[in-house]
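Trainee: Reconstruct the complex from the two isolated chains, following the hints.
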Amino acid sequence: MGFVEHKNHHFAQAKSNKEEQKSEEHGYGEIDPVIVKKLSTHEKLAEEMKQSQIGCEALPFGSHPIERKQYYSQTFSMSPKFVTNKGLVKIRGKNIDFVQLLQRN
Amino acid sequence: MSNIDPIPLPYGPLQYYHLHYILQIKSNDNNNFLARCKPITKGYFHSKRIMGVKWTGGHNFVQVLQADDALTGMLKEVMLKVGEMTIDPQDDHIRIYGKWVHEENLAFDSAMFEIADRIALHIKNIVQKKD
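Top to bottom, those sequences are chains A and B.
When you line the first sequence up against the numbering used here, it's residues 1037 to 1141, in that order.
When you line the second sequence up against the numbering used here, it's residues 12 to 142, in that order.
Next up, chain B with everything else stripped away, as it sits in the complex (with noise of 0.2 Å):
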């Protein structure tokens, strides 16, 4: 286990991490993929589990995610940890990332980064569609 600092500094960067999965990829229509994933729950505490994802954002981008059995199989495995998942396009890439990481958590997750493959593999495909 990491040492945790028993008198942090008031100020400066805070002990939290993001770590963003990031897709190289310039088109017209980067805005359109736009989105976010939230776990359906059922039961608190212990007893919390993962019914399914939702997926909120571009009506067609959504469509193709929210149908990817595969996807929504290996999101509901990482979701109760994860929290949620954020597809954030810019004018020539696109970021795909998760909740903030406490640094005494932050490590790779090959979940995590298998998802974000997915994810873009879907992109790429929907950009290469419309080309």
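The following block holds chain A by itself, in its conformation from the complex (with noise of 0.2 Å):
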């Protein structure tokens, strides 16, 4: 039996959660079922990077230690104090090791 994946490539409709939802359609035969996976931001970043030849992997949420750590030095003026981190991507060979997404609040 066939799938159909479902990926939605739009940014402002992240979900924080990966969910998985499966429906099928009873009653007729022809109609396979659809699975929809949503993404989260980081992920989806990954996605793109990885459509861009850049080996990397989203990490998940909290699993490094950057992510428990100042975001910022607050050396600049204009610096923002409260910000969301919305995931980290880890970077396989190349100079930069992570990128890491934030959401300024």
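Just so you know, these hints were derived from the structure itself, not from any lab.
Treat the hints with care, since some could be wrong.
[Claimed, not checked] Below, simulated DSS-like cross-link-like pairs (lysine-lysine); rule was C-alpha separation at most 27 Å, straight line:
(1) Lys110/B with Lys59/B
(2) Lys37/B with Lys1126/A
(3) Lys1105/A with Lys135/B
(4) Lys140/B with Lys59/B
(5) Lys87/B with Lys1105/A
(6) Lys141/B with Lys1130/A
(7) Lys59/B with Lys1105/A
(8) Lys1117/A with Lys59/B
(9) Lys37/B with Lys1073/A
(10) Lys141/B with Lys1086/A
(11) Lys1105/A with Lys37/B
(12) Lys59/B with Lys1130/A
[As the list claims (entries may be wrong)] Listing some non-contacts, in silico: residues in chain A with all C-beta distances to chain B over 12 Å:
(13) Glu1066
(14) Ile1067
(15) Asp1068
(16) Val1070
(17) Ile1071
(18) Val1072
Bear in mind the structure is a predicted one, so any value in this text is a computation, not a measurement.
Glycine included, every Cβ here is placed at the ideal spot set by N, Cα and C.
Mentor: What follows is the structure, encoded as structure tokens:
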């Protein structure tokens, strides 16, 4: 039986939890079930990076010590105080080690 | 185009995101890598053009960045969109980031990634030379 996978590509509709919803049509044997897979924002970012031939991996929330430290040194003026961590992506084979996504509060 | 909420909540996170490119490096001279890049522009609105870029910050580090013609060329292409580039060092890592991006414009930018990667290369070279 074939599955059709739809991925949401809009960051605006990003949800923090990964959900998998499976809907199945009953009564008509010709219609295949549809799986809707919702990705969090940093996972979508990692997918886009992979499309650009960059080796990367979206890490689980709060799994790295960098996520529990200060995000800004506050040396520059206008550095924000309140931000929300939206996830960390580990980069392989480049000088950059991580890409972190932050949302302004 | 993404769906914009017509009645946004008056509290909680705003619709602006920051993408930080992080270089994990620990040295005694991390504070010397503080720098900011701003464009030198000519004209206004549709006729606005980037003539060059100006780095401000730690003297030696800024000289290295300013001397890199390839980096300057890459920055000239993105500066109209990005606005400014900041290198924000901390104790055990260095963050490189641009301006806040609205969620409808949020996407991975390979040009920005290449610029951050080149800056990270310069930082690694400087730290290795000192060691």
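Trainee: If a hint holds in the structure, say so; if it does not, say that too.
Mentor: Comparing the hints with the structure gives:
1. Lys110/B with Lys59/B: Status holds; Cα separation ~18 Å.
2. Lys37/B with Lys1126/A: holds (18 Å)
3. Lys1105/A with Lys135/B: holds (22 Å)
4. Lys140/B with Lys59/B: violated (40 Å)
5. Lys87/B with Lys1105/A: violated (32 Å)
6. Lys141/B with Lys1130/A: holds (22 Å)
7. Lys59/B with Lys1105/A: violated (39 Å)
8. Lys1117/A with Lys59/B: violated (32 Å)
9. Lys37/B with Lys1073/A: Violated, at about 39 Å.
10. Lys141/B with Lys1086/A: Between Lys141/B and Lys1086/A the Cα gap is close to 35 Å, so the pair fails against 27 Å, i.e. violated.
11. Lys1105/A with Lys37/B: Judged against 27 Å, a Cα distance of about 15 Å means the pair holds.
12. Lys59/B with Lys1130/A: Judged against 27 Å, a Cα distance of about 33 Å means the pair is violated.
13. Glu1066: holds (31 Å)
14. Ile1067: Per Cβ check, Ile1067/A is outside 12 Å of chain B; nearest 27 Å; holds.
15. Asp1068: holds (27 Å)
16. Val1070: holds (20 Å)
17. Ile1071: Non-interface label stands for Ile1071/A: nearest chain B Cβ at 22 Å, farther than 12 Å.
18. Val1072: For Val1072/A, whose nearest Cβ neighbour in chain B is about 16 Å away, the distance exceeds 12 Å, so it holds.
Taken one by one, the earlier hints fail for this structure at numbers 4, 5, 7, 8, 9, 10 and 12, listed in ascending order.
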